[in-house]
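Visitor: Below are the chains, spelled out letter by letter.
2 protein chains.
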Amino acid sequence: MTGRIKDETELIQTYLAPLAAGAPGAFGLKDDAALILTEPGFDLVVSTDPIIAGVHFFGDDDPRDIAWKALAVNVSDLAAKGTEPIAYTMALAFPDAPQRDWMAGFSAGLLEAQQAFGCTLIGGDTDRTPGPLSIAITAFGKVPRGQMVTRGGARIGDHVFVTGTLGDSALGLKLRRAPAVSSAPLDTGAREFLIDRYLRPQPRLEMALLLRRYASAALDISDGLVKDAARLAEGAGAGLRITFEKLPLSVAAEAACAADLGLKATIVTGGDDFEILFAVPPDRRTDFCDAAAKLTVTATEIGVLAVGNGVTLTALNGAPIEITLDGYDHFRGN
Amino acid sequence: MTGRIKDETELIQTYLAPLAAGAPGAFGLKDDAALILTEPGFDLVVSTDPIIAGVHFFGDDDPRDIAWKALAVNVSDLAAKGTEPIAYTMALAFPDAPQRDWMAGFSAGLLEAQQAFGCTLIGGDTDRTPGPLSIAITAFGKVPRGQMVTRGGARIGDHVFVTGTLGDSALGLKLRRAPAVSSAPLDTGAREFLIDRYLRPQPRLEMALLLRRYASAALDISDGLVKDAARLAEGAGAGLRITFEKLPLSVAAEAACAADLGLKATIVTGGDDFEILFAVPPDRRTDFCDAAAKLTVTATEIGVLAVGNGVTLTALNGAPIEITLDGYDHFRGN
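For the record, the sequence lines run as chains X and E.
Quick note on our numbering: the first sequence kicks off at 115 and runs consecutively.
Quick note on our numbering: the second sequence kicks off at 115 and runs consecutively.
In case anyone wonders, no lab produced these hints; they're calculated from the structure.
It is possible that some hints are incorrect.
Copies of one chain are not kept apart here, so a pair can be met inside one copy or by any two copies together.
As the list claims (entries may be wrong) - Heads up, simulated SDA-like pairs for lysine to any residue below, C-alpha to C-alpha not over 20 Å straight-line: (1) Lys360 x Trp216; (2) Lys120 x Gln213; (3) Lys120 x Ala405; (4) Lys408 x Arg326; (5) Lys144 x Gly260; (6) Lys120 x Ala230; (7) Lys360 x Val411; (8) Lys408 x Pro362; (9) Lys360 x Ala420; (10) Lys408 x Asp210; (11) Lys144 x Tyr442; (12) Lys120 x Thr302; (13) Lys360 x Gly142; (14) Lys144 x Ala131; (15) Lys144 x Gly266; (16) Lys144 x Glu348; (17) Lys120 x Leu323; (18) Lys360 x His444; (19) Lys408 x Asp121; (20) Lys144 x Ala406; (21) Lys120 x Glu320; (22) Lys144 x Ile435; (23) Lys144 x Ala292.
Keep in mind the model is a prediction, meaning the values are calculated, not measured.
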């Protein structure tokens, strides 16, 4: 069928209930609440990170990509806490009754994401809003009792690592907004890679087990490396010096930066990386590196927590790199 | 201090973190995720019900009332499931950086509500939005294992009850929109009562324990009696005949209805009652009524689930009352 959905029942039962199939606590999305099945010996971890059209995604993005991102940004938080995703609730607010083909795509994107991340929809809410489309997911994960990795557990002397590569998503956002990233010449493959990194964040669930075993603190990078590294350092009562040239960049981001030095600031403050930033104590560093070498995702050491405070960014020759803004803040000019 | 908050840190640490004080899983709202402390022998129940300015409340309502309502509508779902609230997360989306005095009022309203309901803030998220103010709370409750009261557990022959009085909030909304409820003459006390019922829903937590003991099914009335009663009846594969004159109405609602018969439809379909609708099997009815008589909230029997389907509304003389709309639906004309 085409056209707009006719009521809440169609919206929920046709497009959302299949995502809850087999989840015993979801009651087929026919109840006002859901049961979260907890296991003895495990803690339950919760994270909520809504996404809003015009803020976190474009209203005309493919609904499959919007759905993927809505769940991925929440699962990314769970991964950074060393947690295994189990379930999520979702509150949807639509400016108009959605089109059926849009809902079919959205539902397919969620199914793809929940299969990739290992969790199911268990409940939620649907509303009309005078504002833009908003997707508010609250995600639940389990972790062996007492083993959630916090943001505040690092200490001076701990080694700081980051997964994957930085800045791709921020450059992808620039490309999504306009066909050129500044004046940088990029081939089609590089452009598609960067845009995909913006549209389809990859939660680093593969790293979760190692974080539980080896990390003293961790968080995912959503507001840019500089701001989130400052949070990690603050939690340790420490400072962190980062050398830009030692940061892990993709080939595409390297090419963009080489052509336009101004993009360095975008890479370290743009946000939406959804990589994990974490600290490993010195006595666990070797074992961690050995274990991490077996993963498909890379982990790169970017510095050591030292006496001091805040984050200093320098070039290879030690010269400071000026960053006018230290990261994304919704309530300040960015 | 007056003026607008300057950044996310001020918003969270000054106005929200105090609401999480003492909650061990909240990490002072300085982490990206929270721990929900579960207890052996209990199930964890989750419900999410966002409220949006211009849809569920007025942007110029007192921020204390907005905050109360944001939490109360979620706790109402938990109460209807026989659940005891323990914690909540909250995702806030502001059209502009909020004023400090507004945030102080909002925070005070949340504190009042969480003290009344027995739960604490443990995490959340803050965003700017091009749309209206939105408050998306996800609330968590605990219930002895296997005792959550579902929507679908009622059977033919079960007696249907409702807490409190119906339609007050829908009439209060009419008064909030315009100074008169249709042509009905109401004194100041009645007007204030109805508006307060709209602004400050009272979750019927007092009933939760009895629901666990005696109810076969329950849900809170948020979309109007007719629509929510149809959900209860559908879960039982049954029909329900309701006599309007036997519904529990407040003195103020009685007065409004007596002056304007058209308000009957508002009362049974207007929604936002946040009373609990529930079914009690015949063999538990007497014990339930004895136990309920000791509560401060009233429980009124409004019918018996019978062979058939859907909800029929009649007058005392048996004549059907026509309801053109069967309840609130965000995606259909209302």
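Visitor: Decide, hint by hint, whether the structure agrees.
Guide: So, going through the hints one by one against the coordinates:
{"no.": "1", "hint": "Lys360 x Trp216", "in the structure": "neither (42 Å within a copy, 45 Å between copies)"}
{"no.": "2", "hint": "Lys120 x Gln213", "in the structure": "within (10 Å within a copy, 39 Å between copies)"}
{"no.": "3", "hint": "Lys120 x Ala405", "in the structure": "neither (52 Å within a copy, 43 Å between copies)"}
{"no.": "4", "hint": "Lys408 x Arg326", "in the structure": "within (16 Å within a copy, 50 Å between copies)"}
{"no.": "5", "hint": "Lys144 x Gly260", "in the structure": "between (34 Å within a copy, 18 Å between copies)"}
{"no.": "6", "hint": "Lys120 x Ala230", "in the structure": "neither (31 Å within a copy, 39 Å between copies)"}
{"no.": "7", "hint": "Lys360 x Val411", "in the structure": "within (17 Å within a copy, 66 Å between copies)"}
{"no.": "8", "hint": "Lys408 x Pro362", "in the structure": "within (18 Å within a copy, 67 Å between copies)"}
{"no.": "9", "hint": "Lys360 x Ala420", "in the structure": "within (17 Å within a copy, 73 Å between copies)"}
{"no.": "10", "hint": "Lys408 x Asp210", "in the structure": "neither (48 Å within a copy, 46 Å between copies)"}
{"no.": "11", "hint": "Lys144 x Tyr442", "in the structure": "between (39 Å within a copy, 16 Å between copies)"}
{"no.": "12", "hint": "Lys120 x Thr302", "in the structure": "neither (41 Å within a copy, 41 Å between copies)"}
{"no.": "13", "hint": "Lys360 x Gly142", "in the structure": "neither (50 Å within a copy, 33 Å between copies)"}
{"no.": "14", "hint": "Lys144 x Ala131", "in the structure": "within (9 Å within a copy, 34 Å between copies)"}
{"no.": "15", "hint": "Lys144 x Gly266", "in the structure": "between (40 Å within a copy, 8 Å between copies)"}
{"no.": "16", "hint": "Lys144 x Glu348", "in the structure": "between (45 Å within a copy, 11 Å between copies)"}
{"no.": "17", "hint": "Lys120 x Leu323", "in the structure": "neither (45 Å within a copy, 38 Å between copies)"}
{"no.": "18", "hint": "Lys360 x His444", "in the structure": "neither (29 Å within a copy, 52 Å between copies)"}
{"no.": "19", "hint": "Lys408 x Asp121", "in the structure": "neither (50 Å within a copy, 41 Å between copies)"}
{"no.": "20", "hint": "Lys144 x Ala406", "in the structure": "neither (43 Å within a copy, 27 Å between copies)"}
{"no.": "21", "hint": "Lys120 x Glu320", "in the structure": "neither (41 Å within a copy, 37 Å between copies)"}
{"no.": "22", "hint": "Lys144 x Ile435", "in the structure": "neither (55 Å within a copy, 28 Å between copies)"}
{"no.": "23", "hint": "Lys144 x Ala292", "in the structure": "neither (43 Å within a copy, 35 Å between copies)"}
Violation of the numbered hints given earlier is confined to hints 1, 3, 6, 10, 12, 13, 17, 18, 19, 20, 21, 22 and 23; the remaining hints are satisfied by the structure.
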